[in-house]
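Chain by chain, the residues:
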Amino acid sequence: EVQPVESGGGLVQPGSSLTVSCVAAEFTFSDYWMSWVRQTPGKTMEWIGDIKYDGSYTNYAPSLKNRFTISRDNAKSTLYLQMSNVRSEDTATYYCTSLDIGSNFAYWGQGTLVTVAS
Amino acid sequence: DVVLTQSPATLSVTPGERISLSCRASESVGTYLHWYQQKPNESPRLLIKFASQSISGIPSRFRGSGSGTDFTLIINGVELEDLSIYYCQQGDNLPRTFGSGTRLEIK
Chain V
1 EVQPVESGGG LVQPGSSLTV SCVAAEFTFS DYWMSWVRQT PGKTMEWIGD IKYDGSYTNY
61 APSLKNRFTI SRDNAKSTLY LQMSNVRSED TATYYCTSLD IGSNFAYWGQ GTLVTVAS
Chain X
119 DVVLTQSPAT LSVTPGERIS LSCRASESVG TYLHWYQQKP NESPRLLIKF ASQSISGIPS
179 RFRGSGSGTD FTLIINGVEL EDLSIYYCQQ GDNLPRTFGS GTRLEIK
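Residue numbers (the numbering used here), protein chains in the order written: chain V, 1 to 118; chain X, 119 to 225.
These are calculated hints, taken from the structure and not from any lab test. Glycine included, every Cβ here is placed at the ideal spot set by N, Cα and C. Hints are supplied without guarantee of correctness; some may be wrong.
[What the hints assert, rightly or not] Calculated lysine-lysine pairs in the BS3-like style (CA-CA distance at most 30 Å, straight line): (1) V:Lys-65 x V:Lys-52; (2) X:Lys-157 x X:Lys-225; (3) V:Lys-43 x V:Lys-65; (4) X:Lys-225 x V:Lys-43; (5) V:Lys-43 x X:Lys-157; (6) V:Lys-52 x V:Lys-76.
[What the hints assert, rightly or not] If you want the footprint, here are the derived chain V segments under chain X, 3+ residues with CB under 8 Å: (7) 53 to 63; (8) 107 to 118.
Whole structure, please, built from the sequences with the hints as guidance.
Printed below as a string of structure tokens:
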């Protein structure tokens with residue numbers, strides 16, 4: 001089963017920064033647009049943003065674009081999500097996914113839980 | 119933003135039943151509507167793409183239909199393993215949005 005592997009979650013204090021990562025070694029990472037999607041404890045799904053296969057273009061959810069940054073390193077088959085000035089409402093499981101033609105999410109990681117609390 | 123409204127929020131069914139889950143979009147998304155299944159303690163998985171296209175490895179009892187603003191996921195003969203939350207997602211417009219999900223309970 002093709003499944004990216006996220007890491008970097010944990011307990012963080014409000015106002016701090018955190019970077020989560022995703023290694024996608026089981027498919028040709030550099031051929032794919034990639035996305036981050038998060039799921040709140042209440043099971044609400046929220047799209048965060050996408051990055052083009054070569055890293056030259058990104059899309060973001062308007063409510064998050066000022067605090068979240070998506071980047072990638074194709075040589076390491078790794079996707080990153082930098083979060084700054086985190087808030088309690090950022091508490092969620094963060095998934096990395098592939099973004100396919102038609103903008104569906106085909107391959108999902110197992111997720112990494114980020115908890116924002118003091 | 120395109121708002122996706124899923125109904126019902128929860129559905130309790132008996133194994134073997136044929137059921138329909140609804141997803142309505144606040145504006146037309148053509149057929150850029152995709153369905154996901156999330157089993158307890160698992161990641162979501164793509165179930166149906168482009169409203170009605172099947173996905174390799176997904177049982178044939180799962181079917182999708184619709185276009186524009188009204189979409190339906192049909193499960194022909196629910197099985198115990200179908201206990202999940204089902205989400206729809208639109209890929210026609212930014213921001214990409216999800217419905218709030220339908221939780222399927224098996225009696």
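Okay, the hints, checked on the actual structure:
no., hint, in the structure
1, V:Lys-65 x V:Lys-52, "16 Å, holds"
2, X:Lys-157 x X:Lys-225, "16 Å, holds"
3, V:Lys-43 x V:Lys-65, "22 Å, holds"
4, X:Lys-225 x V:Lys-43, "22 Å, holds"
5, V:Lys-43 x X:Lys-157, "12 Å, holds"
6, V:Lys-52 x V:Lys-76, "16 Å, holds"
7, 53 to 63, "holds (count 3)"
8, 107 to 118, "holds (count 4)"
Checked against the numbered hints given earlier, the structure satisfies every one of them.
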